Structure formats: structure tokens, C-alpha cells
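Trainee: Chain A is fixed; fit chain B onto it per the hints.
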Amino acid sequence: MRAADLTTAVVLFLLAGVVLADALRLGIGWGTDGPKSGFFPFWLAVVGMVTCAVIAAQAARRRAKGTFVTREQARPVLKVLGPAAALVLAMQFVGLYVAAGVYIGLYMHWIGRHAWWLVALLSVAIPVITFVIFERWFLVPMPKGPLEDWLGY
Amino acid sequence: MGIEDLLLGFQVAVTPHNIVVAILGVGLGTIIGVLPGLGGANGVAILLPLTFTMPPTSAIILLTSIYWGALFGGAITSILFNIPGEPWSVATTFDGYPLAQQGQGGQALTAAFTSSFVGAFFSIVLITFFAAPLAEIALKFGPPDFFAIQLLTFSSFVGLGGGNPLKSLVSIVFGFMLASVGLDIVTGQLRLTFGVTDLMKGFDFIVAVIGLFGIGEILLSVEEGLRFQGARTGMKLSVVFDTWKILPRYWRTFVRGSFIGFWMGFKPGGATPASFMSYAFAKRFSRNPERFGKGELEGVVAPETAAHAAGVAAMLPMITLGIPGSPTAAVMLGGLIIWGLQPGPMLFVEQREFVWGLIASMYTGNIIGVAMVLAFVPFFAAILRIPFAILTPVIVVVCAVGAYAVHNAMIDIWYMLLFGVVGYVFKKLDYPLAPLVLALVLGDLAENALRQSLIMSQGSLEIFFTRPIAAVITGLAILFFALPVITPWWRSRRAGVAPPSA
Numbered sequence: 001m002r003a004a005d006l007t008t009a010v011v012l013f014l015l016a017g018v019v020l021a022d023a024l025r026l027g028i029g030w031g032t033d034g035p036k037s038g039f040f041p042f043w044l045a046v047v048g049m050v051t052c053a054v055i056a057a058q059a060a061r062r063r064a065k066g067t068f069v070t071r072e073q074a075r076p077v078l079k080v081l082g083p084a085a086a087l088v089l090a091m092q093f094v095g096l097y098v099a100a101g102v103y104i105g106l107y108m109h110w111i112g113r114h115a116w117w118l119v120a121l122l123s124v125a126i127p128v129i130t131f132v133i134f135e136r137w138f139l140v141p142m143p144k145g146p147l148e149d150w151l152g153y
Numbered sequence: 001m002g003i004e005d006l007l008l009g010f011q012v013a014v015t016p017h018n019i020v021v022a023i024l025g026v027g028l029g030t031i032i033g034v035l036p037g038l039g040g041a042n043g044v045a046i047l048l049p050l051t052f053t054m055p056p057t058s059a060i061i062l063l064t065s066i067y068w069g070a071l072f073g074g075a076i077t078s079i080l081f082n083i084p085g086e087p088w089s090v091a092t093t094f095d096g097y098p099l100a101q102q103g104q105g106g107q108a109l110t111a112a113f114t115s116s117f118v119g120a121f122f123s124i125v126l127i128t129f130f131a132a133p134l135a136e137i138a139l140k141f142g143p144p145d146f147f148a149i150q151l152l153t154f155s156s157f158v159g160l161g162g163g164n165p166l167k168s169l170v171s172i173v174f175g176f177m178l179a180s181v182g183l184d185i186v187t188g189q190l191r192l193t194f195g196v197t198d199l200m201k202g203f204d205f206i207v208a209v210i211g212l213f214g215i216g217e218i219l220l221s222v223e224e225g226l227r228f229q230g231a232r233t234g235m236k237l238s239v240v241f242d243t244w245k246i247l248p249r250y251w252r253t254f255v256r257g258s259f260i261g262f263w264m265g266f267k268p269g270g271a272t273p274a275s276f277m278s279y280a281f282a283k284r285f286s287r288n289p290e291r292f293g294k295g296e297l298e299g300v301v302a303p304e305t306a307a308h309a310a311g312v313a314a315m316l317p318m319i320t321l322g323i324p325g326s327p328t329a330a331v332m333l334g335g336l337i338i339w340g341l342q343p344g345p346m347l348f349v350e351q352r353e354f355v356w357g358l359i360a361s362m363y364t365g366n367i368i369g370v371a372m373v374l375a376f377v378p379f380f381a382a383i384l385r386i387p388f389a390i391l392t393p394v395i396v397v398v399c400a401v402g403a404y405a406v407h408n409a410m411i412d413i414w415y416m417l418l419f420g421v422v423g424y425v426f427k428k429l430d431y432p433l434a435p436l437v438l439a440l441v442l443g444d445l446a447e448n449a450l451r452q453s454l455i456m457s458q459g460s461l462e463i464f465f466t467r468p469i470a471a472v473i474t475g476l477a478i479l480f481f482a483l484p485v486i487t488p489w490w491r492s493r494r495a496g497v498a499p500p501s502a
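These protein sequence lines are chains A and B, in that order.
Using the numbering used here, the first residue of the first sequence is number 1, and each one after it goes up by one.
Using the numbering used here, the first residue of the second sequence is number 1, and each one after it goes up by one.
No lab work stands behind these hints, which were simulated from the structure alone.
A quick note: this is a predicted structure, and the numbers were derived from the prediction, not measured.
Note that the Cβ used here is the ideal one computed from N, Cα and C, for glycine as well.
Certain hints may be false.
Output of the computed footprint for chain A on chain B, the stretches with three or more beta carbons under 8 Å from beta carbons of chain A [unchecked claim]:
#1 208-221
#2 397-406
If you want the footprint, here are the derived chain B segments under chain A, 3+ residues with CB under 8 Å [what the hints assert, rightly or not]:
#3 166-175
#4 179-186
Cross-link-like lysine-lysine pairs, in silico, DSBU-like; alpha carbons within 30 Å at most [what the hints assert, rightly or not]:
#5 427(B) x 79(A)
#6 144(A) x 201(B)
#7 283(B) x 427(B)
#8 144(A) x 79(A)
#9 428(B) x 79(A)
For reference, chain A alone in the conformation it holds in the complex (with noise of 0.2 Å):
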């Protein structure tokens, strides 16, 4: 838990560092009618980087006590996170129902050992039933791959 504290404040320093390097850029004074643009941003990154640094040096005082996360923990944690990943780089390339239908079937069929018969009903019936909600109800769009475009839409 110590590494973890210590490691993310420590990040959280750093990004505010990139913050206030921008705001020294965009001028953090007073320019010809109000504050510059990095007036805002500059002060925030001075707060952010002091709290920071007191937060690194009280996890660095503190004695290390319990893991983030164990082995046991986080196996399930990447079992949802990796095809979750894997899910919206497929989508760039075959839109979101063909990606949605064929990640809900691999993780029925991986994760719950469902029989075969539910898994192809849900792979198809999901996306489908997503299909009419958004594009025809709401005429929200959704990414589309060659499938949509073979179909017509």
C-alpha cells in the first residue's frame, strides 16, 4: 500500500509539474484585460504539487501496512480489464456491435462456460436490441465497421 501511495503522488507531482511548465508558458501574470491563461492553471499546480509532496513524505514516513492490491485480487481485476481493452481497440476497426457481440460471447464463453446455444443468442440479441435503441429511437450514432456498411447503414 506504501509503494502504491508513495508512487501516485509521486505521478500526480509530476503531472502537476507539466501543468504549471504550461501555465509559465501561457503567462501567468496580468495581461492586457484580466489574468493570463495560465493564471488559473499556474495556482493550481502550486497546490497540487505542495500536496503532493506532503502526501509522498507522510506514505514515506508511514510503516508499510497491508498490499494495494494481491495476486489474488488482481487477477480478476485484469481478467475484466484486459478484453474490456480489448474490446475498444476492436471497435476502431469493426464498429461497436460487432465488437460488443463477439467480446459478450468470448466472455460468456470463457469467464461462465455458458452452453453454446445462449452465448450465440445473447452475441447476436445484445447488439441488436442496442442497434434499434440507439440509431433507430434515438438516432444516437454509433462507430460502425464493414458489417453496418455491407448492410446498408
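Mentor: Just chain B now, kept in the frame of chain A:
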């Protein structure tokens, strides 16, 4: 003013169309509240794009109904599954889950829904009477006063939020930083984009909410294994009526919870401390405090009354001042801006039908809500019995759809994943997420109020102390910011110099 306005509101809210909208909203909201990974804030965020084509009044009724439904739904998961869907449902699990395990789930649920309703109703009545006068006062506010209120908003997270005040401060600061990415509308300069085109649009708070509260929550909840487990319940009408016969016994707890909830709730981040405070008070004043935590009905009544009163009270600053009291209210505020309404006191002048329709719909929405959840608890509880491997991918897809729909941009879905990981890490390390979201929503408003104030004063910060309203509020804000330093000092002083006699 007053009754006539409310009647006007009911004429807007009680049309067949808006009643159907409210029923749909409560139903959807309860499902959202029951589903792990979906809660009030991101449920509303996901559905926000669907309201762009609706009339604003129906849209806000839909979103608020979802909010009420989600509040009720949160009680179902807390009691039957020991999973608090929202931080303010944590206290409900203390006695709700033991009751469910003892086969008293129906009783606990009835008590929770009834308490929620009582708490909410109390707050709605207060909103009805206080909203218009408050808005009238707020009409006289200038930029320095508004900035002072923003300061107060965020100081209360630091001073009263509990947890590590420094981490609350970090969350606030990074929320504001995220808000400042992109085009600076005052000077026309690009900020924090570093030449990257995708950063020019900035970060949308809806995407952040979906990631932080949706994906982050799922990641956190699966740590204990890829499944959800719960107690079974039989919900019969006789159980409801039997519980209603017992409940009047706890009228003191109802009154106390409502007041605590309203008082804490109209300040941001108030619902969670309100629920715990109400629980603690109920336990202290109870004749049998030893039964708390083991399945005492009063231990369900107390936090639920306060949490729901606070959840409703969070709407008061949103409609009168344009400053949301909770992440969900923040998302609704974003909705107002998208629908072309200017949040803040001018709403009461320019959009009377909208405001009073909204207030009237709080009455109808909560009545519909309590009736629906009491009637359909078995159905809502059955949702959590859908196998994990089906529910999780569907929720992830729904989140992705919601994130994409905001701007039709693929990059937003990547941001959603990123915010999911950030949410997971922040939650584990006790960085609060609510102040980050609020800062992201209010970023531009706060910065503009600050800049305009400084322009008025030629760059002097004195303006926040010389105007009477701003001075009082700024003073209070500084006190709240200093509380984490003052409190330990005060305690040690009292303990050292004069031992407390009480």
C-alpha cells in the same frame, strides 16, 4: 410565489407523457442502482445523450427519476447483497444485511424504502419553500460572491469530507486541471494541449463520470472474485403492512435523520457523512444500542432517511445557485447547459415552468418510486442473479456506448478506460472521486468567476473580503479549509489544559 408556482409545476409534471417518463425513469434508475458498476451519477451520464432531443422539462424529469430510482436501488443491493452501490449506502448494510440473513429482508427493505421516502419528502417540502427565496437572494450575487460559494463548496469536501483532507484537495485540484485542458474561451489560447489535436476538445465530465464510477467500480468489486452473491427475500404485501405498523415507533429517528440529511445534503459531499451521523445518533439514543450492527430495524431507518434527504437536498443549490451538491446533480447541471438552459438563479425568472415542473416532479417521482420498488423488489433483486459473465460485459458495453454518444468520438471510450483505472487506484488509496468530478464540471464557471472578480478589483484579492456576502462565505470557506488543522489542535488543547468534564 409559493403555492401557485407549485400548482403550475404540477400542471407540467402531471401530464400523461411526463408521468410515463417518470415511471420509465424510476424503473431504469432502480435497475441502474441495483447493477454493480452503474450508479446514479454514471447512469444519468450514460442516458444524458438520449435526452438531447427531448423537451428540457421531460428530460430533467427523466434524469431526476433515474436518480430517485438509483437511490432506491442502492438500498436493495445493500440489504440483500451487502454491496453498497453508493458510499452513502454503506451504513445501510450494517443492519440491513444481518436482517436479510435472518430472513427479515422484506422487513428491512420496506423500512429502507419508507425511510427513503420520508427523508426525500421532507427535503422536497423544504425545497418548495426555500428555493424561490434563495434564488431571489442569489440574483443579487456578483462574480465574487459566486466564486466565494465555489470556494465554500470545495472547502466543505476538505473540512467535512472525512478521510485525508490533503487527498481531497488533490482530487479538487486535478479536477480543475482537467477542466482547464483545451481552449481558453476568454483569451482564445490553447491550454495544456501540447500540440495534440485530441486534447483540444478537453475532457468531458460525462466520460470521466462513466469511467471513474462505472468501470472503476466494476474493477473494485471483482477483486473478491468474479461473481455476485446475495440473500433471498420473500416480499409479501402483509410484510409491508406489518412493517408499517412498527415504523411509527421510530418517529424520532425519522425526524432526526431528515434534519441531518437536509442540513448536510445541501452542502456537497454531504450524503455520506449524513447517513453515518444519523446512524450514530440513532445508536446513541437507542434503548438497546447493543443490537445495532446485528439486525436492528432502526439501524436501517436512520441512514436511509438521512441519505435520501441529503440526496434530494443536493438539488437545491443546483437549481438556485447553479452549483451542484452531488456528482449526480453535477451531471444534471451539465445536462441543463446542453439543453440550452443557464443554470442558476435566473432559471426562476426565465424558466418558471421548467423549475416548478422539476420541483413538482420530485413529489410525483418519489411517490411513483416508492410504490414501484415495493411492488417489484423480487424483479429488481433477480437482476443481480443474472450470471456475472453475462452482466459484466453488458455493463462494459453500455458504458462504452454512453461515453461514445457524448461527442461521437472514439477517443472518449479510451478516456473512459483510463478514468476507470484512475478511479480504481484512487478508490483504493482513498482519494475521493466526488470532488474531482465536481471540480471538472465547475472548472470553467469557477475560473470565470475568479477572473471577472479580479478584473472588477484590478487584480486585488481584497474583493473577496470587502463585499459583505462574499466576505462571510469566504470566511466560512477558509474556516472549513483550516478545520483539519484546527480540530486536532483544539482537541489536544482541551485534553491538555482542561480535561472535559462531560
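Trainee: Confirm or reject each hint.
Mentor: Cross-check of the supplied hints:
no.: 1; hint: 208-221; verdict: holds (count 3)
no.: 2; hint: 397-406; verdict: holds (count 5)
no.: 3; hint: 166-175; verdict: holds (count 6)
no.: 4; hint: 179-186; verdict: holds (count 3)
no.: 5; hint: 427(B) x 79(A); verdict: 19 Å, holds
no.: 6; hint: 144(A) x 201(B); verdict: 22 Å, holds
no.: 7; hint: 283(B) x 427(B); verdict: 28 Å, holds
no.: 8; hint: 144(A) x 79(A); verdict: 26 Å, holds
no.: 9; hint: 428(B) x 79(A); verdict: 18 Å, holds
Hint compliance for this structure: every hint is met.
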